[in-house]
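Input sequences plus hints: build the corresponding full structure.
Single-letter residue listing:
Protein chains: 2
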Amino acid sequence: MQLSEIGEFGLIKKIRDTCRSSAKDLITGIGDDAAAVKNSSGDLLITSDMMIEKTHFDLSYTTFKQLGYKFLAINISDIFAMGGTPEYFVISLGLPDKIMLRDIEELYAGINAIAKKFNVKIIGGDTCSSKQGFILNGTLTGRAKKIIPRSGAQKGDGIYVKGSLGDSAMGLYLLKKYGKKVHTFSPLTPRLKVIRDHLMPTPVPLAYTKGVTSMIDISDGLLIDVSHICDESRVGAVIYENLIPVSRALREVTDRAGIDPLILAMRGGEDYRLLFTSRHRLRTGAVRIGEIIHKERIIVDSKGRKRALKPEGYEHFKDCSW
Amino acid sequence: MQLSEIGEFGLIKKIRDTCRSSAKDLITGIGDDAAAVKNSSGDLLITSDMMIEKTHFDLSYTTFKQLGYKFLAINISDIFAMGGTPEYFVISLGLPDKIMLRDIEELYAGINAIAKKFNVKIIGGDTCSSKQGFILNGTLTGRAKKIIPRSGAQKGDGIYVKGSLGDSAMGLYLLKKYGKKVHTFSPLTPRLKVIRDHLMPTPVPLAYTKGVTSMIDISDGLLIDVSHICDESRVGAVIYENLIPVSRALREVTDRAGIDPLILAMRGGEDYRLLFTSRHRLRTGAVRIGEIIHKERIIVDSKGRKRALKPEGYEHFKDCSW
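If you read the protein sequences in the order shown, they are chains A and B.
According to this note's numbering, numbering within the first sequence proceeds without interruption in unit steps and concludes at 321.
According to this note's numbering, numbering within the second sequence proceeds without interruption in unit steps and concludes at 321.
By construction, these hints were calculated from the structure, which means they are not laboratory data.
Computed from a predicted model, the values in this text were never measured in an experiment.
Take these hints with a grain of salt, some might be off.
Any copy will do: because identical chains look the same in the list, a pair fits if it lies in one copy or spans two.
[What the hints assert, rightly or not] Here are the computed lysine-lysine pairs in the DSSO-like style, where the Cα-Cα straight-line distance is at most 27 Å:
no.: 1; residue 1: K179; residue 2: K130
no.: 2; residue 1: K12; residue 2: K37
no.: 3; residue 1: K179; residue 2: K145
no.: 4; residue 1: K144; residue 2: K37
no.: 5; residue 1: K180; residue 2: K115
no.: 6; residue 1: K120; residue 2: K176
So this is what it looks like as structure tokens:
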């Protein structure tokens, strides 16, 4: 059977079955943003992300510094999605001949810039030559007093998003269209804002997690990531299209390009914003976009017109953390 | 500057300088087999290894099961090299279209076989599609009561090797020559023994570490790995060629092929045997092949004829853990 037939999430479930562990100390394993392990000094989180040239990035429109920044950012986002604080980063690099020393120095300048921001320590890794393009793999550990898994959503919980959605997908669209690198984001025009959101996303943790029942970071796109929470929690969701947060910059850029910003916000992916459910009504910092329902389906409410989505309907085999 | 000009170990030193951490809890960072971090519940070890198709393995002469076995084995070897016990394994896979579901099932059968042997739990990872061949990255954590770094060797210490050297390199030579997969190793002829040592190395920990001052696993080849210990410990070494442990199987196979087994044992690499220094004379389980000297050079003693090696002389840019 080809992998495209069972899909990525089908594969992850298969792997999870093969590796089902009886470890008593394992809190969440394969199938969440990060693995979590019980530990005498608080829960240990581990997440790993691979970035492959031509699949995840294109050196014709990202600088090495931007790439390094994003590389650590997406790992930090996974730790935040578990309610954790990042700690140690281990890097593996597969280096093709074309990579120069100054490229690696630039890459590390980007990694170090965001590492400093979030107090992450780079402690080791592996370098090797590659005949297959430039490949990066990062593993980030973290700590959490209380793990927030994907699986805790309950009927009646509100669904919240922290930050605007769709900018990154629009940024990627522009980068692909023009195929050029951007070296400075100043002055920050709407175009440069969405491009920066794609090239250098900066994750933001939840400051306050009381009442939060489940969480994920939006990397595959809002609807897919809502479906991950629903799958793991065995519930459904109603999403109100008109409540989905879209930035002013995205509205401006999409208006000019004749693109519906909501499609990007719902399906674009690589937003690295937190999506979570809460049993309390939150007043600040996050936007309520829907609620959890009992029936295992996802309903998108567009000004009162409801349509149900089958989770299988928007599965892809692209990239996903488990 | 091209990376080949500064070499892999030069690059690792550069990276180490860029990331020099003031973390008080960091015991050993970039430049050892695994990173080690102080922790209330014993020292936490983290190691990461990337394997890239065509660079590290060739699907024309390894099965997926053998690949999975080796993939975890080389990570376990890094944890053993720090004096640790492996615990949790996180896997990232970059999957090209040609990979089938049964390939992944076989891969996990190999990973699970060795995981069971050493009580390693597979807890998570990342899957993504790859346009660049099959790529695996594994991150393994471990615990150690007492870390054994590369940097503790002192003048007068004996240099020891646990297990025979060179078999893996000869196995690779045979696999490349015949370009075929081996599906069974029974009956275990000398040829199949060296091929198995290449495809499915099984690391063996040191049972007894009292008096052990430094340790590394032999992945780059005996002489390079001796030089890593010497570099980090700021000492030199004398290696007695005639004391280097060579298996009977290797002697038989190299005799027939007209190859000097000592060259494979000294420079072959991928042995995944432990190389360590000890201030005590050990009686069992390991072979004494030389001693640490004050002067920072490596001398190979061939039946009384001595030759000095410059560490730069045998550096490559192939693969190495740091």
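Against the structure, the hints come out as follows:
no., hint, result
1, K179 - K130, "both (25 Å within a copy, 21 Å between copies)"
2, K12 - K37, "within (23 Å within a copy, 35 Å between copies)"
3, K179 - K145, "neither (43 Å within a copy, 51 Å between copies)"
4, K144 - K37, "both (10 Å within a copy, 19 Å between copies)"
5, K180 - K115, "within (25 Å within a copy, 48 Å between copies)"
6, K120 - K176, "neither (36 Å within a copy, 44 Å between copies)"
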